[in-house]
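Given the coordinates of chain A, work out where chain B should sit on it, guided by the hints.
Letter by letter, the chains look like this.
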Amino acid sequence: MNYLILSAILFTIGAVGVLVRRNAIVVFMCVELMLNATNLAFVSFSHQHGNLDGQIIAFFVMVVAAAEVVVGLAIIMAIFRSRRSSSVDDANLLKY
Amino acid sequence: MKAEGIQAASWLLIALPLAGAAILLLGGRRTDKWGHLLGAAMPLGSFAVGLAAFFQMLGYSGNARIRHLHIYDYFVVGNFKVDMGLLIDPLSISFVLLITGVGSLIHIYSIGYMAHDPDRRRFFAYLNLFVAAMLLLVLADNYLGLYIGWEGVGLASYLLIGFWQYKPTAAVAAKKAFVVNRVGDFGLSVAILLMFATFGTVQFAGVYGGIGHASQGTVTAIGLLLLLGACGKSAQLPLQSWLLDAMEGPTPVSALIHAATMVTAGVYLIVRSNPIFNLSPDARLAVTVVGAATLLAGAIIGCAKDDIKKALAGSTMSQIGYMMLAAGLGKVGYVFAIAHLIAHGFFKAGMFLGAGSVMHAMKEDVNMRKYGALRTVMYITFGTFFLGYLAIIGFPGLSGFFTKDGIIETAFNKGGTSGAVLGTCAVLGAGITAFYMSRLMFMTFFGEKRWDDDVHPHESPLVMTIPLMLLAIGSVFAGGFLVLGGFADFLAPVVGAQEHKFHWVSVPGTVTLLLMFAGVALAWMQYGARPVPREAPRGSFLTVFARRDLYGDALNESLLMRPGQWATRLAVYFDTKGVDGLVNGLAAGVGGSSGRLRRVQTGFVRSYALSMFLGAALVVGALFLVRI
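Note that the protein sequences, when read in sequence, are chains A and B. Each residue of the first sequence is one higher than the one before, starting from 1 at the first, in our numbering. Each residue of the second sequence is one higher than the one before, starting from 1001 at the first, in our numbering.
Same shape as in the complex, but just chain A (with noise of 0.2 Å):
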C-alpha cells in the first residue's frame, strides 16, 4: 500500500513538472519519473495479487521508455541545433 502512495507521489511530481518546467531536458526527466511510477504501480499490484501480469508489462514499459528516450533526447538535439535553446515555449511555430 505504501509503495502505491509512493507511485502517486512521483507520479504527481512527473506531472506537475512537466506542465510547469519549460526546459526541454527537465520535461524529458519528468516523463520518465511519471513512466517509472506506473512502473512501480504495476509492480505493487502484481506483488499483491499474485500474478505476474504486472511485472511483464512493467518490463515491456522499460523497452518503451528506452525506445522513447532514443527519439526525444535526438529531437531535442536537433532543436537545440537548430535554435539554440531548449526551451519547450519556444518551440511553438506549429500553430493556428
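Please keep in mind that the hints were generated in silico from the structure rather than gathered at the bench. Keep in mind that the hints are not guaranteed to be accurate.
What the hints assert, rightly or not - What follows is a set of in silico ranges between Cβ atoms, one per label pair, in the way DEER data are often shown:
id : chain 1 : residue 1 : chain 2 : residue 2 : range
1  : B       : A1617     : A       : I57       : 21 to 31 Å
2  : A       : H49       : B       : F1604     : 39 to 49 Å
3  : A       : G50       : B       : F1604     : 41 to 51 Å
To be verified - Facing chain A, from chain B, some residues (calculated, C-beta under 8 Å):
id : residue
4  : G1330
5  : T1602
6  : V1605
Just so you know, even glycine gets a beta-carbon here, dropped at the ideal spot from N, CA and C.
Just chain B, lined up with the frame of chain A:
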C-alpha cells in the same frame, strides 16, 4: 385493312424528303452545287408516290379506302404499346397531295428565288425537313406519331423563319414562333396524355373506338385541349401573334407555312379527331367561336398593313379562321373545311410566291406604298396574282366562291342564335376580305408608279413563273372541282356520309356577293381612284388599332410577359435573399466559430499537455462515478 401495292410503299412519302434533308445537311458544302436540285426532286418523288397511292385508292370503294401500313413497334412498356404505322385514307391522301404538290412547286420556285443566296443548300434541307415532318403529321395512325410530326413542323418552321439569322428581327421572330407554338403543343401533349389515361392507347382506332364509353367531361376536355394545340399551330386567337412576325423568313417559307404545311395542321387535327368533336357540342362551339373571332381579327389586320407579306399573313389568319369555323360546325363542315384548305393552299401559295416575285423585282422592298403600276411590267406575276385574288375574294366560279360560300351556308344552317351570329361573322369577313385584298391589288399593280429611283422592276425567270401559273390554274379550278366533284363522298369514310347539295344561288350567298362588290368598290375609291401617298398617313384610331395587330402583342406583354418578369424577379429575390442567405449564413457561422476555435491551437506544448491531463482526469473521474 392492310395496305397493298404501291400503298405499301407509302413510307417513301416521308422517307424521300427526310433523306433529302439528311443528305443536304450532312453532306455540307460538297452538295452546294446540286443540293437545290436534289431538294426539289425529293418532294416531287413524294408527289409521284402520293399520286400513285391516290389512284390506287380510287380503285377501292367505301371503307376499303382506309388502309393501314404497319412500320414497326415504336415501343412497348407494360401494357402500353405504340405501333408506329401509317394511315392511308381519303383525308390523309388529300393532305399528302396538297403538301407534296404545292410543296414541290414552292421548292421549284425557290431554286430561282434563292439563286443568289450562299446558303441555298441549307434552305432546301430545311424545306425538305418541313415537308417530311408535315407528311408524318398527316400520315401517322396514332397521336404520338402525329405529335412527332407536329414537333418536327415546329422545329422546321423555327429554322426557316430564322433562316436569315443574322437579322435580329428574324431571330426574334423565329423564337417567338417557337415559344407561342409551345403553348399549343402543351395543349396537344396533355390531350394525348389524357387519352392514354382514359383509353390506354393513343392509336386513332383505339381512341375513337372507346370514345363512346368515356364521360362527357373527359371528351370535352380532350376536345378543348386539342383546340388549344390547333390554335398554336394554326395561328388562331389567342395564339395568333407569331404568324405576322413569321414574315421575317424568306418568302417561299411563308408560302409553305401558309399554304401547304404548318397552319393547316390545326385544321387537320380537328377534322381527324372528328369522332371526339362529334360527341362534344361544347368543344365544337369553342372551335367555331375561335374560328369566327380569328377570321374577323385577321381580316381587320389585313386591312391596315402596308407590308405586302403581312397583309397576306393577316389574310391567312382570316382564311384559317374560316376553316376552323367550318370544322367546328361538324359533319358537312368538315368537308368544307378541307375543301377550303386545299383551295386556299393553291391561291395563297400562288399569291405568296407572287409577292415574292414582286419583292424580287422591287429589290426586296415590301412596302406596298412604294409599288404601284406593276401590271405594266410583270405580266405573268400580275395575271397569276389576279386569278388568286379573284379566288380568295370568292368571285363567282372560282375556288373561293365554292368553298367559302359553302362554309357560310353551313354556318347559317346550324340554326339558332349561334348559327346566325357565326354566319354573320363569316359574311362580314368575306366583305372585309374583298376590301383588303383589293387594297393590296390596287396598291401593288394599279395606280401610278411610286417606285424608288434606283428600282427597275422586271419579270422573274421562268423557274419562278411556271409554278405561279400552275398554282393559278389550281386557284381557279380547285374549289369547284372539289365541291361539285363529290369531295363529300370521297371524305365520307373518314368524316361520315352526309347529304349536301351545292346551291348556286342562296340568300347568304347573294348577300356575300353584294358585300364583296361593296368591299371591292370601297377599296377602289380609296386606293384605286385616288393617288396613294408614299408615306403612310397617321390614320384613324381603327387603322392604328389594326396596324398594331389589334394590340395582340401589347396584350400578351402586359398580361403574360410583365407578370412573368415580376414573378422571375420575385423568385430571384427569394433565391438570393432567402435560400442563398440561409446557406451563406450557415457557412459564415461555421467559418466564424471555427476561426475562434482554432485559437486554441497555441503551439505551446505544455498547454496541450495540460489539456491531456485534464481530459485523462475527466475520464478517470467519470469511470469512478459510474462505478460507484
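Taking the hints in turn, this is what the structure says about them:
1. B/A1617 x A/I57: 21 to 31 Å: holds, 22 Å
2. A/H49 x B/F1604: 39 to 49 Å: Taking Cβ atoms as reference, A/H49 and B/F1604 lie about 41 Å apart, which means the hint holds.
3. A/G50 x B/F1604: 41 to 51 Å: With a Cβ separation near 45 Å, A/G50 and B/F1604 satisfy 41 to 51 Å, so the hint holds.
4. G1330: violated, 85 Å
5. T1602: Hint holds; B/T1602 Cβ to chain A Cβ min 6 Å, cut 8 Å.
6. V1605: holds, 5 Å
In summary, the structure is inconsistent with hint 4 from the numbered list given earlier, while agreeing with all the others.
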